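Starting from the given sequences, assemble the full structure and let the hints guide the process.
Top line first, the protein sequences correspond to chains R and X. If you're matching positions, the first sequence starts at 377 in the numbering used here and goes up one per residue. If you're matching positions, the second sequence starts at 377 in the numbering used here and goes up one per residue.
Since the hints were made in silico from the structure, they are not lab data. These numbers come from a predicted model, not from an experiment. Just so you know, not all the hints are guaranteed correct.
If chains are identical, the list can't say which one is meant, so a pair holds when it fits in one copy or spans any two.
[To be verified] Computed cross-link-like contacts, SDA-like style, restricted to lysine to any residue with a CA-CA straight-line distance of at most 20 Å:
| # | residue 1 | residue 2 |
| --- | --- | --- |
| 1 | Lys723 | Pro625 |
| 2 | Lys671 | Leu569 |
| 3 | Lys771 | Glu826 |
| 4 | Lys726 | Glu711 |
2 protein chains.
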Amino acid sequence: MTKMSKQEHILIIGAGLCGSLLALRMAQRGYKVTLIERRPDLREVHQDAGRSINLALSDRGLKGIKLVGLEDRVRELCIPMNGRMLHDKESNTLFSPYSGRTDEFINSISRTDLNIMLLNAADEYDTLQVLFNQSCSDVDLKNATATFVDYHTKEEQTIAADIILGTDGAGSAVRKSMYMSRDFLFSFSQDYLGHGYKELTFPPAEDGGYRTEKNALHIWPRGRDMIIALPNLDGSFTVTLFIDYEDAPDSFASLNSPEAITEYFTRQFPDAVPMMPDLVKDYEENPVGPLGTIKCHPWNAFGKVCIMGDAAHAIVPFYGQGMNASFEDVVVFDETLDKFGDQGWEKVFKEFEKTRKPDTDAIADLAVDNFHEMKEHTAHPMFQEKRKLETAFEKEFPEEYYSKYSLVTFKEEIGYREAMIRGRAQNKAILNLLDDGVLPGTLSRKQQLEAVLKATNDILHDDAVLQNL
Amino acid sequence: MTKMSKQEHILIIGAGLCGSLLALRMAQRGYKVTLIERRPDLREVHQDAGRSINLALSDRGLKGIKLVGLEDRVRELCIPMNGRMLHDKESNTLFSPYSGRTDEFINSISRTDLNIMLLNAADEYDTLQVLFNQSCSDVDLKNATATFVDYHTKEEQTIAADIILGTDGAGSAVRKSMYMSRDFLFSFSQDYLGHGYKELTFPPAEDGGYRTEKNALHIWPRGRDMIIALPNLDGSFTVTLFIDYEDAPDSFASLNSPEAITEYFTRQFPDAVPMMPDLVKDYEENPVGPLGTIKCHPWNAFGKVCIMGDAAHAIVPFYGQGMNASFEDVVVFDETLDKFGDQGWEKVFKEFEKTRKPDTDAIADLAVDNFHEMKEHTAHPMFQEKRKLETAFEKEFPEEYYSKYSLVTFKEEIGYREAMIRGRAQNKAILNLLDDGVLPGTLSRKQQLEAVLKATNDILHDDAVLQNL
Numbered sequence: 377m378t379k380m381s382k383q384e385h386i387l388i389i390g391a392g393l394c395g396s397l398l399a400l401r402m403a404q405r406g407y408k409v410t411l412i413e414r415r416p417d418l419r420e421v422h423q424d425a426g427r428s429i430n431l432a433l434s435d436r437g438l439k440g441i442k443l444v445g446l447e448d449r450v451r452e453l454c455i456p457m458n459g460r461m462l463h464d465k466e467s468n469t470l471f472s473p474y475s476g477r478t479d480e481f482i483n484s485i486s487r488t489d490l491n492i493m494l495l496n497a498a499d500e501y502d503t504l505q506v507l508f509n510q511s512c513s514d515v516d517l518k519n520a521t522a523t524f525v526d527y528h529t530k531e532e533q534t535i536a537a538d539i540i541l542g543t544d545g546a547g548s549a550v551r552k553s554m555y556m557s558r559d560f561l562f563s564f565s566q567d568y569l570g571h572g573y574k575e576l577t578f579p580p581a582e583d584g585g586y587r588t589e590k591n592a593l594h595i596w597p598r599g600r601d602m603i604i605a606l607p608n609l610d611g612s613f614t615v616t617l618f619i620d621y622e623d624a625p626d627s628f629a630s631l632n633s634p635e636a637i638t639e640y641f642t643r644q645f646p647d648a649v650p651m652m653p654d655l656v657k658d659y660e661e662n663p664v665g666p667l668g669t670i671k672c673h674p675w676n677a678f679g680k681v682c683i684m685g686d687a688a689h690a691i692v693p694f695y696g697q698g699m700n701a702s703f704e705d706v707v708v709f710d711e712t713l714d715k716f717g718d719q720g721w722e723k724v725f726k727e728f729e730k731t732r733k734p735d736t737d738a739i740a741d742l743a744v745d746n747f748h749e750m751k752e753h754t755a756h757p758m759f760q761e762k763r764k765l766e767t768a769f770e771k772e773f774p775e776e777y778y779s780k781y782s783l784v785t786f787k788e789e790i791g792y793r794e795a796m797i798r799g800r801a802q803n804k805a806i807l808n809l810l811d812d813g814v815l816p817g818t819l820s821r822k823q824q825l826e827a828v829l830k831a832t833n834d835i836l837h838d839d840a841v842l843q844n845l
Numbered sequence: 377m378t379k380m381s382k383q384e385h386i387l388i389i390g391a392g393l394c395g396s397l398l399a400l401r402m403a404q405r406g407y408k409v410t411l412i413e414r415r416p417d418l419r420e421v422h423q424d425a426g427r428s429i430n431l432a433l434s435d436r437g438l439k440g441i442k443l444v445g446l447e448d449r450v451r452e453l454c455i456p457m458n459g460r461m462l463h464d465k466e467s468n469t470l471f472s473p474y475s476g477r478t479d480e481f482i483n484s485i486s487r488t489d490l491n492i493m494l495l496n497a498a499d500e501y502d503t504l505q506v507l508f509n510q511s512c513s514d515v516d517l518k519n520a521t522a523t524f525v526d527y528h529t530k531e532e533q534t535i536a537a538d539i540i541l542g543t544d545g546a547g548s549a550v551r552k553s554m555y556m557s558r559d560f561l562f563s564f565s566q567d568y569l570g571h572g573y574k575e576l577t578f579p580p581a582e583d584g585g586y587r588t589e590k591n592a593l594h595i596w597p598r599g600r601d602m603i604i605a606l607p608n609l610d611g612s613f614t615v616t617l618f619i620d621y622e623d624a625p626d627s628f629a630s631l632n633s634p635e636a637i638t639e640y641f642t643r644q645f646p647d648a649v650p651m652m653p654d655l656v657k658d659y660e661e662n663p664v665g666p667l668g669t670i671k672c673h674p675w676n677a678f679g680k681v682c683i684m685g686d687a688a689h690a691i692v693p694f695y696g697q698g699m700n701a702s703f704e705d706v707v708v709f710d711e712t713l714d715k716f717g718d719q720g721w722e723k724v725f726k727e728f729e730k731t732r733k734p735d736t737d738a739i740a741d742l743a744v745d746n747f748h749e750m751k752e753h754t755a756h757p758m759f760q761e762k763r764k765l766e767t768a769f770e771k772e773f774p775e776e777y778y779s780k781y782s783l784v785t786f787k788e789e790i791g792y793r794e795a796m797i798r799g800r801a802q803n804k805a806i807l808n809l810l811d812d813g814v815l816p817g818t819l820s821r822k823q824q825l826e827a828v829l830k831a832t833n834d835i836l837h838d839d840a841v842l843q844n845l
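As structure tokens, then:
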């Protein structure tokens, strides 16, 4: 096994959010880095007018941003969202905070703006070269070389490196080369929901302001389908419709005419329709996207190639953790290099996956849980009662209680898996206590908290007996 | 949607156990059937001497056999196994019955003998044609045609049918054509355990008899690795070693010399070694097989092609339910035809998957659970205490108690999913009651049973509150 030296050359395939952050960090550590991307340079190619895909940046993602020293620059791109604004069918709204602690919120941020900021920061390193319009056509896993075709000239080039890191997203060419390899067993799953998504928009108001509350993530939960809206810096909101492809009372298949589209939105989301002057046009022009989860194992081949970010673990968007998980990958990879860097890349890659995969498996499952929570449970009285209780706990006992949402989103010092296990047990405890009627208002808040913590620990203990057998 | 008429032509790809049973049943229903197989005819090609892969046939599989009227012929091929014979490192044995009811046992049966019996039965139908040595190279999903290459002549032929049923096993060419289709989203997973398997043998004793107890499934559980043995009609046992590929104290990677093999078996399975006169030779000659689970969705394409058996849901062998699940598929498909046959094939295929997939997903997960149970838990005192209690319940209250194993294996009138949910809750209930010391011997058996049933129902109720939100 070769020792790593700082002169080593790292080829990073995929210059999206994860690859750009990773390239920056590897350059900061002293490696020679080539970052290569299939698409054109975001800074040169005109983006679709009025389309702005935004994401929710929260504490785990910010850890990655802090690691490369860009926190101040990123803060300028952020719009804080302090909670969910729920819109019912009668156009009533209910604001449900994400946390009882006032310093815990998530941030709406433009994917494009953030990526551009990371690429600009990358340009400041002489040892980091970025190439665009290069489509990966082949990866030689054993020798850490990869071949690319130039989009314009169609010319091929092969780049050799000491190691290759694949951050080329859910459709990863690097992962595909591992899937096709006959030299090792590659576990792989792609799981699609029966729902797809379509992006729509609330444009800015006539006066340039926001048409609805700026500092919230808006949800119109309708049980089987929903729309959500996140704010953009320009006063607009990006709206996303989530609905069945087919075989449902309302579906992409059934919304097949301007009349059907208008009738559906007016019936289901009456207060949103006036905010969408271009609803039918947007609906007809914008594509339907799939919602899939990807898991795989192993993440490395021959100690030469390793995948991370969406390439290794693509998740559905319902926890707002896709980018956050990918940025946290970079933090964990960086820590793994600190710990095992002197034992060679294969050891680093294996330890990285061993540490990280239980957490990315967990956030994948949590994100599917949250699909059902958002479209359905948020509208349920018992769920709302649970959230009120949890927010009160977090406000009155900020050191003693973290809801599942807070554990996953804000408690960056524990992993997703621990957050999932504790968060699910808490939810089960509270819902069963509410169902049994043993959390009456006559109890003090402190007594309620103690009842919930005791029931949670009982659940965790009972599960452990089975698991420790 | 076209109505189905009895003159329709069904092309069944794959003449293994599932395809042969399915073809028989479809011929009995009056369809014209072509059954086509990549491999040579088992009845003509000499089998490897001394190698006999055996399977455990139990109630769910027998339902399929009864459906086609072959129960009497199959019974002649069966060797009843009434329980597990556990062998510890000191060569002590402990017999643990599969059930407290004496009419509940599983059967060791030769895969080859059973397949030949089914093919012979198929030959009795003029409307059922069987072709061998035809490798499927392409499936046209929209038009229900498929192309095959003859192994000997290399000639291609394309067969058109009204529908195609893919029963071509875990490596299914039909499923691959669905995976590669760009016309619909295909969810798919292949999950490999870190363990592989290798088949060995206990030959018959000098006098032609069995070297150890005939009517048992033998297990040598060692925590991380194990061997098992199932009896054959000729006096031999087929032995299977399950062990890590690598990165473990003992692994296929570390057993790399005759000395290492002998040392390992002598240390771990001392009473088995004298029964394996050809241990080192068998070990070195026989291949290592992978242990994988395959799930996918949808099982049908365009109402023209449908997969079932291992092609749709391959599972690891630890519950002895792979063949049983495939045969039960045929029973469920037959029932679905009864119910929905007048509404066209697409409806039949969709209803078949809707009914069946929750159960095949469950047995896939149960089979992985049982891997840990067999190699590890069976040797654990608390697990053995649980099994003793359950066997006593089943003996004294045969109508009131079914263990998880009995629910899965013998209670054919409920599905695998219901068996899983109830069986897991029961296990959790008993283990927690044992752990809390609240099942003392001072309780009558009836009181113990009532405590277990109450704790089980509490667990099921608490889980339901969360699920019904």
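Hint check:
{"no.": "1", "hint": "Lys723 <-> Pro625", "result": "between (52 Å within a copy, 18 Å between copies)"}
{"no.": "2", "hint": "Lys671 <-> Leu569", "result": "both (15 Å within a copy, 15 Å between copies)"}
{"no.": "3", "hint": "Lys771 <-> Glu826", "result": "within (15 Å within a copy, 44 Å between copies)"}
{"no.": "4", "hint": "Lys726 <-> Glu711", "result": "within (13 Å within a copy, 49 Å between copies)"}
The structure shown violates none of the earlier numbered hints.
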